[in-house]
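If you're matching them up, the sequences are chains A and B in order. Reading the first sequence from the start, the letters are residues 1 to 489 in the working numbering. Reading the second sequence from the start, the letters are residues 1 to 732 in the working numbering.
Source of the hints: derived by calculation from the structure; they are not laboratory data. In this text, a Cβ means the ideal position worked out from N, Cα and C, and glycines have one as well. Among the hints, erroneous ones may be present.
Incomplete in silico selection of chain A near chain B, CB under 7 Å [what the hints assert, rightly or not]: (1) Asp9; (2) Trp138; (3) Glu140; (4) Thr213; (5) Tyr229; (6) Glu358; (7) Arg362.
With a straight-line Cα cutoff of 30 Å, these simulated DSBU-like cross-link-like pairs (lysine-lysine) come out [stated by the list, open to error]: (8) Lys447(A) - Lys353(A); (9) Lys519(B) - Lys444(B); (10) Lys262(A) - Lys447(A); (11) Lys116(A) - Lys519(B); (12) Lys109(A) - Lys444(B); (13) Lys447(A) - Lys203(A).
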Amino acid sequence: MAERFGPSDPPSGWDLTRNPRVARLLRSRRFQFLLILPNQLVFWTVIFVGLLGTVVPGLNFGTAITWYIWFCLVFVMMVVVGRAWCAMCPFGGFAEWIQRRTLWQRTQKVLGLGRKFPEPLARYGFLLPVATFLLLTWIEEYFNIAGPGTPSATSWMVVGIVTSALLFFLIFERRTFCRYLCPLSALIGTVGSMGSVAGFRTKDREVCLSCETKDCMRGGEEGFGCPWYTWPASADSNLACGLCSECYKACPSNNIGMYLQKPLTSVIAPTRRRADVAWAVALLWGLVLYQQINALSIYATVDTWLNSHLAFPHYPNPVAYMGLIVALALLTAGVMWTISRVFARKDMTFTVKGNFMERASRFRAYFVPLTYGMIPVVGADYFARQLPKFFQHATRIVPAVQQTLGSQTAIKSPLYQMRLLSNPHIVGVQVTIIAIGTLAAVWSTWKISGREIVPVSRGGAAVRVASLSLVLVFGAVAAMLYVLMNAAD
Amino acid sequence: MTQLAAHEIPAQAADRPLHVTVLIDRCAGCQECVVRCPAGALSMDSGRWVAVADDSLCVGCRQCERTCPFSAITVRGPLAVAARNEPPHSRLEQPTGDNSEVRAGFASWDEALAEASRCLDCPDPTCVRGCPAHNDIPSFIRAVRDRDLVTAHEVIRLTSFLPDVCSRVCDQASQCEGSCTWSLAGGEPVAIGKLERFITDNVPVPAPAKPGPAGSGLSVAVVGSGPAGIGAAWELVEAGAEVTVYERDPEPSGLIGWGIPDFTLPQEVSARPWQQLTAAGVDLRCGTEVTADDVDRLLTEHDAVILAHGAPMPLRMPVPGADLDGVVDASSFLKAGKAALENGDVISLPDSLIGLAEARDGAGCASPLVLVLGAGNTALDVARTARRLGLRAVCVDWVDEHFALARPDELAEAREEGVDIRFLHTVSSLEGEDGRVRRAALIKTRQHRADRRPKTLHEAPEMLDVDLVVMAMGYRLHPALAARLPGTPLAREARGVPDRRWLASGILASPAPEFAHGKPVGRLALGREVALTASSLPLQERLWAAGDALVGPSTVVEAMSQGRRAAAAVISAGPTRGQPRPPRRVLVAYESRTGHTERAARLIADGLRSTDAVVRMVPLREATLPELADTDLLIVGTWVEGMVVGGVRPAAATRSWLAGLPRLAGLRVATFCTFAISPKQTLATMRGELQDHGMVVIAEGAIGPGARSIPRAAERFTGQLLATAWPGPAAG
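Hey, can you work out the whole structure from these sequences and the hints?
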């Protein structure tokens, strides 16, 4: 057991609940409600102001807060904490209030059908949220919701997310929506694994294993069973810990703590690697590269050509969109497949049959750990992609608030035109972020390849060099694309 | 340990093999399924830390599916179990005069062993939870498989004194068998009742064990000799207590004596417990009625009193004509019918029913008709007795048959015997001639849900010529005795968070099993558990109640278990007449926020350890009913919430704990609070709440202000407590 969980277990002293104030806060049933409430107010305001307020995107509170501030903040929270956003998310939070028939109390009867998510779908794990993220991004590109589009489009998008969340919360049990369908779930889960909060973990695994009731999973006197299907005693990453603190409240043995961990621990340390996470990272990488490539003039040419031949009316052409993303993911996988062909030991058997989540192969022995190593560069790329909007428009939140409160002169505010940073400085920051992400990815890949790739390879040094070179190339590509995008502007 | 007999796989299983899917995405490796799988088909893959299944070992019982906390397992395929062996019951189309037992037990070892081999010997057996007495069913079935019926009796004796009775009269379908893992999986459960009967059919139920020392010197009065009284007397006499049982009727055994006909429970079986108990030295005083006024006298004559007087008052339907001659209650009819059948004289009925004989004479060839109001188990007993007396019988019940209270097998048997059972009917009036009932007006009813009262339909009534009407809608408590016992009848309903161990076992999984006719076996069992726990708590100092007296009409097995539990509580508490004994079991329960209250509680607990009492210390939320039932002196400590000026009171958790307390009559309690500036009315609030629940507050202490004062104030409080509860040498 020490071998299985030793690398991913946080140090015992890094338990935040040792502080009585933190413990009291997390013990309180109002804790998550108070996290959700401000966001709830903001996003209902987004819906109403987006629909009823000014049609000038830069002056509309809905557009300004969603696309200039919130998206950036979510990324910062991901990288620093993990699923911090999930703990305060107003979409799932709202639906959960209704599902539980309460704002914060521990209720026994839930509203809705409480179905289990069908196993044939659930076995694809975090690939499902990637699919919904790809769909949402395509819709966002199509209607130009974020860029900045019309404010009502943002409202309808939020209404759509809240409605689908509510629907799924009423059909399925727990946070099935957040775990399997929320468009942000895979991104937050994977990029969030760089974060320094390990989440809620067991203090003493033996106590959990001998626990007769498993209140943290089934729900106890004070807390609900884990809405995210995570058991604190076997969690080896923060991937699926929603930081809701229900397990902490439910545990009858006071055997759960909220732990910090070194950054990147949940990238490097997990012993059980997941194929769905690996493919999710590859596809998310394809998507973020797509979002860089589509700013280049060559992409517009291809898109227009495809639209005219496929009689599709509008950018982005779905074939070009999905085609490019899948091609980029497959290209990434292809390079890793090549590494596996070249370096894998011939005297080892890799094949294990089973369904998508269960099977093992020579390709997966390389692809899965190497994609985990890529997470920092993918995360950095997503973050860098959001920066121009933040630097160019973040200050517009002030006139947008003034406008919402009835000011007629908000558009004349100097903050409306103000830019925190302009090009080429923005590109400089983007490249720097990519560089930091690439360094983190190099470190992760170095550690991962040493533990998981070298033992299955011939020529340990060579395979490590190949793996690190791959990450460096990825970083260089992302950085170069920012430079090219700037040139295209 | 017995090796499991090989399970015979039904033929269709070969074509559609079982397949277990572990959803790796959600499997957390908690091993709940691994420890519960009775077939060893699940194991842990320690590398991936997930459960893995071996389909070839799976028997399809789906315990894993029911108990996985994250619903990460699915099982596909048929149940791999042989068909249930059910001994045939006698088909009596002409039952007149036949008083022999209808239901048979297993006739041979082969039959019993075949059925016993269907038991999976589940590691977390749901049948044990489903049994109101919590018999260790897998162990006694294992003993049957070992052909060791003496051991089987030893296993049963740990929890039940009435296996021969219960195996005949229990509604196993909604209890142990309904909760069998095969039943929960949608199949036919192991015939647990029949196996229990096989044991008692072949080896006599052993007499009470030699008296032990635990209850030595105790004098206990038990009021009533029915199942609850038997349970209590048996437990007490085995513990060495001096037991006096007061019975109103001339014969002992209560309902199992007069209320269940011989064709269901033969006389030699129902008489067995009291033959053994009187031989073991229980002082049985039949023909001695105890009224509400006598209870105080009994308390002065005995160290403890257990009221197990049952629910003897028949319910009567307030219908026009109910006071006519020829309208009787079930107990009168059953007693008379039983006596007539025992005499072998099916025609001569006692005076109260004499009109029947007249009707019979006047009606010529057509036999008289008995209209039974109700179609529950008692009503069916009445109707079937009537058939054996050569009468025609019609049962009417206003509920839908889907929600009927009677055992389905009993309904089927009654119909075979020619009883006309009409559900969704009720009587709107009874009409008579010369003061004697002659006709009944029947109207139809409608009922859509079990928890809704049926509605009568406004249609023209159907007139039925009747010769006798028997009201058999059930019984109720004696009003004067019920008034003597506050809080009774207790609702058998589990509220709030269900017990987590029960939840973990899978017995509460829905939907309700088909074999149990849609009854929610888990919820029912949890409700019974509430009553079982309550029976261990005194309703007044040195006064306990069990069985119908506590919960209203219940079953034989429930009453027996509650009687046992109450007697065990008496033995454990060891009450005495006269001066109360110093407490022997002290529970210090504290609600602490910063640790100050816990520290004070520890100092107090340590201080009390100078006495010879056993002192336990638990956080308030862990001070649950079983803990409280095992306590002579309760010490409750809390921190004080609120601002300096306003809202100063016991902490919210303490208040909600106090509000949720049951009645703990006579329990001695001491309270303390730790405070920073002023406790204000904290102790008075706690005192009021505790007294409302029947407890006696013997000491109070405000410990503070602040942390520095804790040691001295705790010492002062302990001293005060010692002086009050341990007068004499211990206080020094």
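Right, here's what the structure says about each hint:
{"no.": "1", "hint": "Asp9", "result": "violated (13 Å)"}
{"no.": "2", "hint": "Trp138", "result": "violated (25 Å)"}
{"no.": "3", "hint": "Glu140", "result": "violated (28 Å)"}
{"no.": "4", "hint": "Thr213", "result": "holds (3 Å)"}
{"no.": "5", "hint": "Tyr229", "result": "holds (5 Å)"}
{"no.": "6", "hint": "Glu358", "result": "holds (6 Å)"}
{"no.": "7", "hint": "Arg362", "result": "violated (18 Å)"}
{"no.": "8", "hint": "Lys447(A) - Lys353(A)", "result": "holds (28 Å)"}
{"no.": "9", "hint": "Lys519(B) - Lys444(B)", "result": "holds (25 Å)"}
{"no.": "10", "hint": "Lys262(A) - Lys447(A)", "result": "holds (14 Å)"}
{"no.": "11", "hint": "Lys116(A) - Lys519(B)", "result": "holds (23 Å)"}
{"no.": "12", "hint": "Lys109(A) - Lys444(B)", "result": "violated (36 Å)"}
{"no.": "13", "hint": "Lys447(A) - Lys203(A)", "result": "holds (26 Å)"}
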